[in-house]
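Q: Just so you know, the sequences run in chain order A and B.
All the letters of the first sequence, read from the start, carry residue numbers 37 to 148 under my numbering.
All the letters of the second sequence, read from the start, carry residue numbers 419 to 529 under my numbering.
Misleading hints may appear alongside valid ones.
Claimed, not checked - Facing chain A, according to a computed beta carbon distance under 10 Å, are these residues of chain B, among others:
{"no.": "1", "residue": "Tyr454"}
{"no.": "2", "residue": "Gly514"}
{"no.": "3", "residue": "Thr517"}
As the list claims (entries may be wrong) - The calculated PhoX-like cross-link candidates involving lysine-lysine, where the alpha carbons are at most 20 Å apart (straight line), are:
{"no.": "4", "chain 1": "B", "residue 1": "Lys460", "chain 2": "A", "residue 2": "Lys39"}
{"no.": "5", "chain 1": "B", "residue 1": "Lys420", "chain 2": "A", "residue 2": "Lys93"}
{"no.": "6", "chain 1": "B", "residue 1": "Lys516", "chain 2": "B", "residue 2": "Lys420"}
{"no.": "7", "chain 1": "A", "residue 1": "Lys106", "chain 2": "A", "residue 2": "Lys89"}
{"no.": "8", "chain 1": "B", "residue 1": "Lys474", "chain 2": "B", "residue 2": "Lys485"}
{"no.": "9", "chain 1": "A", "residue 1": "Lys93", "chain 2": "B", "residue 2": "Lys516"}
{"no.": "10", "chain 1": "B", "residue 1": "Lys516", "chain 2": "A", "residue 2": "Lys89"}
{"no.": "11", "chain 1": "B", "residue 1": "Lys474", "chain 2": "B", "residue 2": "Lys420"}
{"no.": "12", "chain 1": "A", "residue 1": "Lys91", "chain 2": "B", "residue 2": "Lys474"}
{"no.": "13", "chain 1": "B", "residue 1": "Lys516", "chain 2": "A", "residue 2": "Lys107"}
These are computed hints drawn from the structure, not numbers from a lab.
Note that the structure is a prediction, hence the values are computed from the model and not measured.
For every residue, glycine included, the Cβ atom is placed at its ideal position computed from N, Cα and C.
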Amino acid sequence: DVKVTQSSRYLVKRTGEKVFLECVQDMDHENMFWYRQDPGLGLRLIYFSYDVKMKEKGDIPEGYSVSREKKERFSLILESASTNQTSMYLCASSPHTGTEAFFGQGTRLTVV
Amino acid sequence: QKEVEQNSGPLSVPEGAIASLNCTYSDRGSQSFFWYRQYSGKSPELIMSIYSNGDKEDGRFTAQLNKASQYVSLLIRDSQPSDSATYLCAVLNTGGFKTIFGAGTRLFVKA
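Please take these sequences and the hints and turn them into a complete structure.
A: Right, here's the structure in full:
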């Protein structure tokens, strides 16, 4: 079974903190994604990566950055956390372009 | 206009009935379409993928695609209370790298 593991299930951070969300997949997938999910807005793509050290902006990249130094790991960084970044963050991976995505369990981040 | 639109619901059906979930998309060049199910507090999981016009059946689930109308649907036959969840329609954009999700339709199946 494909496993996508996110480092934390729940996080509470203070405004202005630098926040790291980690994601690891164990199936040698090419593509990895970070989404945030908010009520009524669905999943919105923050960043994605189709290869090691490659990254592409999604629809809402402002206030975020990413790092993919190894194929299995994709990190999401909130440079200076703000309250409007309180959300559910979902990491996903897919084997190739155009194929299904496998999701991690999600990280519910609260910024206070 | 949103890129992928779904009726947010909730859609309520009795046990044993057919649930019909609908989705429209704006990118005419899209080639890959997916339906995910998401239980409350859980992550989305794939139910069906469809790439060609017509119907695709898998057990109690049927996905229907009409590219000319930019419309994709999911039918759930013999609905069960365990089918109660949010169903997300997802469309791969023309470039092939970005999957755009709809906001989801909440389905309730009443026992």
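Q: Compare the structure with each hint and give your call.
A: The hints, checked one at a time:
A hinted interface residue such as Tyr454(B) counts as satisfied when its beta carbon comes closer than 10 Å to some beta carbon of chain A; here the least separation is about 8 Å, so the hint holds. Hint status for Gly514(B): holds, given a least beta-carbon distance of 5 Å to chain A, under 10 Å. Given the 10 Å rule on beta carbons, the hint for Thr517(B) holds: about 6 Å separates it from the nearest Cβ of chain A. A distance of roughly 14 Å separates the Cα atoms of Lys460(B) and Lys39(A); the hinted pair therefore holds under the 20 Å criterion.
For the given pair, Lys420(B) sits about 19 Å from Lys93(A) by alpha-carbon distance, which is consistent with the 20 Å threshold. Annotation: proposed proximity of Lys516(B) to Lys420(B) holds, straight-line Cα distance about 15 Å (limit 20 Å). Pair hint Lys106(A) plus Lys89(A) holds up; C-alpha atoms about 8 Å apart against a cutoff of 20 Å. For the hint linking Lys474(B) to Lys485(B), the alpha-carbon distance of about 14 Å falls within 20 Å, and the restraint holds.
Between the alpha carbons of Lys93(A) and Lys516(B) the distance comes to roughly 10 Å, so the proposed pair stays at or under 20 Å and holds. Proximity of Lys516(B) to Lys89(A) is assessed by CA-CA distance (about 18 Å); at most 20 Å being required, the pair is judged to hold. A C-alpha spacing of about 26 Å is found between Lys474(B) and Lys420(B), which places the hinted pair above 20 Å, so the restraint is violated. As the CA atoms of Lys91(A) and Lys474(B) are separated by approximately 34 Å, the hinted pair breaks the 20 Å bound.
Taking the CA atoms of Lys516(B) and Lys107(A), the gap is about 19 Å. The hint holds against a cut of 20 Å.
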